[in-house]
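**Q** What follows is each chain in one-letter form.
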Amino acid sequence: MSDEQLHFEISQYVDGTLPPAEAVALEKRLQEDPAARRLLDEYRRIGDLVQVALPVPEMDWDKLSAQISAAIDREIVPLMDEAGNVPVNYRIGVWKPLAMAAGVLLCATLAVVLLKGKGETVGSPPTPVALAVPVPETKTPPVALAMSQIQVLTSEKPSGSPVLEVQIGPAPDRKLNLADLYPEMASDYRPSVSIAADPSRPAMGDEFGIIQ
Amino acid sequence: MKDNTASAGNAGALLPTDAQLVEQTMAGKRQAYDELVRRHQRRALAVSYRLLGNSHDAAEVTQDAFLKAYASLRTLDDPQRFGGWLMRIVANLSLNRRRGRKRTTALPVDDILGGGNGQSAASVADSATATGRADDPYQQLEGKELGRRLLEALDQLPEKQRMAIVLFTINQMPQKDIAKAMDSSVEAVKWHVFQGRKKLREILKDLITEQ
Chain A
6 MSDEQLHFEI SQYVDGTLPP AEAVALEKRL QEDPAARRLL DEYRRIGDLV QVALPVPEMD
66 WDKLSAQISA AIDREIVPLM DEAGNVPVNY RIGVWKPLAM AAGVLLCATL AVVLLKGKGE
126 TVGSPPTPVA LAVPVPETKT PPVALAMSQI QVLTSEKPSG SPVLEVQIGP APDRKLNLAD
186 LYPEMASDYR PSVSIAADPS RPAMGDEFGI IQ
Chain F
215 MKDNTASAGN AGALLPTDAQ LVEQTMAGKR QAYDELVRRH QRRALAVSYR LLGNSHDAAE
275 VTQDAFLKAY ASLRTLDDPQ RFGGWLMRIV ANLSLNRRRG RKRTTALPVD DILGGGNGQS
335 AASVADSATA TGRADDPYQQ LEGKELGRRL LEALDQLPEK QRMAIVLFTI NQMPQKDIAK
395 AMDSSVEAVK WHVFQGRKKL REILKDLITE Q
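Protein chains in written order, with our numbering: chain A, 6 to 217; chain F, 215 to 425.
Keep in mind that the hints were calculated from the coordinates and are not lab data. Ideal placement from N, C-alpha and C gives every residue a C-beta, glycine not left out. Treat the hints with care, as some may be off.
What the hints assert, rightly or not - Label-pair distances were calculated between CB atoms; the ranges are:
no., chain 1, residue 1, chain 2, residue 2, range
1, A, Asp46, F, Glu401, 23 to 29 Å
2, F, Glu359, A, Arg34, 17 to 23 Å
3, A, Asp46, F, Glu237, 44 to 50 Å
4, A, Ala71, F, Gly242, 16 to 22 Å
5, F, Arg288, A, Arg49, 40 to 46 Å
6, F, Glu373, A, Glu87, 38 to 44 Å
7, A, Leu35, F, Thr423, 17 to 23 Å
8, F, Thr423, A, Gly89, 54 to 60 Å
As the list claims (entries may be wrong) - Here chain F is said to cover these stretches of chain A; the calculated rule only asks that three of the stretch's residues, wherever they fall, bring their Cβ under 8 Å from a Cβ of chain F:
no., segment
9, 29-37
10, 52-61
11, 72-81
Said to hold, decoys possible - Subject to a maximum C-alpha distance of 30 Å in a straight line, what follows is the list of computed BS3-like cross-link-like pairs (lysine-lysine):
no., chain 1, residue 1, chain 2, residue 2
12, A, Lys33, F, Lys390
13, F, Lys390, A, Lys68
14, F, Lys412, A, Lys68
15, F, Lys358, F, Lys394
This is chain F alone, in the form it adopts within the complex:
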């Protein structure tokens, strides 16, 4: 199975940048957008999954986000920032989904999930891959149980704190982009990160002191 995680615009001299792919897409080259999908789908799904804690919903939101991004491509001010823009769409659609809003597209995802359908945060960790390095000591020591605990802890955070933690601490989006996505200020994002981190510290106290 391929893992298409080429970073935006830094994948080598022969690969087009995100900006070039966006421009090619707008010029009518459909395959250029397919490359953007391959390039960003894993990160998009990771963001959605961490916000939703459910792989089935995360896959649907990911697909929805790419459709909406394609339809809205002409509204993207800076094509080089496609990745961050897409993540904002993913984050917003994920939150909408979490709030129970009806989704706008219905695409089959059942057969693309590797570990069963509609997996919860607790169950998916058994069939999931951690995003960290394979030789990371945390992974080796804690593995799946650690992932499950973290997902459950994230799920206990209020919406804004979870979004801030996921997008900033985990996905390392710039705070100004997160502020746009959350329709708030950078200062508010800092505060939500802080509050989320405080709660995670309480929830994961035993892990923090064990390590």
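With the rest of the complex left out, here is chain A:
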């Protein structure tokens, strides 16, 4: 057993997380090895120190709890519906879908610009409005997209209702409607967006295609 392995076992022994059989073997080693016993003692001492001696700032706890309560009444309660649900962007863990939505928006904006750049007449180009993004309910990890990651496969103008498909991976999985993301966008520029993806595993080099 290397020193590192021994030290790791001693650390787990201190924490009570070493499996029983290994703990028995370690106890035998500790009886015979003064250096190991010394390390065990030092690890225990560190644990004692950090548990009893770390300070906590003095607070006016009553005031803190009152402020939190007031903030909830002011910022969260007015947003709740009758069932007590809160808009997702106030909940934990929503940065991931937000990042995904931002990525989709980036692609969509790029596509709109490219479509226009081809000289196609598909209506007046819109000015993107301030985002009020209804974030989809999802637990997918972020699709943090940099411009350099986006590769437009084609910028052909779709016939009929323009459709923008943003492709990350092989299988269509979910759809986002850009009309929801860009509510004031001119109708000709309201593509629906499909993220065809394994959204849990976006990777650098994934290609984004505008597909008719």
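With chain A's structure known, arrange chain F on it following the hints.
**A** Chain F alone, transformed into the frame defined by chain A:
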């Protein structure tokens, strides 16, 4: 000043459990959540402070965490585990803050800090209370200087090691909960605790041998 540190669900027969308070909150009883805040705010602030080393940021993160927990209460699978769930939120928000991410709420905290605003780890120890027992010999012998040294030592640890040490060794969260909070495995948590402990041993060598 009150110190509301009642432990989750074990504060006596007359006090509701965390699970009951969560259920009452979801049933529309706002005061029930206020009780949860009073019950857990000190621990939440302690976790955040130990991860951030700054009392002003820790107070803001604590407030933010309670707001987000309230808004997300319906996603809590086991209401009895509110405390651990909240600490995960606190830990994650603290790490986000440490990484410089923008906070999501702006609440006034300046007037609730007892020892000055935005105190650093080094300065706050002078106006802080240790979480250990008042009759603990370490406190008596080392007091504020010891607290300051420990905070500075923690601040030198890499992020994952600091989080593992704070949540497991100091706040005694179950390793599986820490693994969830860190988005990693229990084995990885054990390893981070070990590596953090090794570094603390090096940094605090003089204290370890003095005691």
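**Q** State the violated hints by number, sorted upward, taking the hints as numbered earlier in the document.
**A** 2, 9, 13, 14, 15
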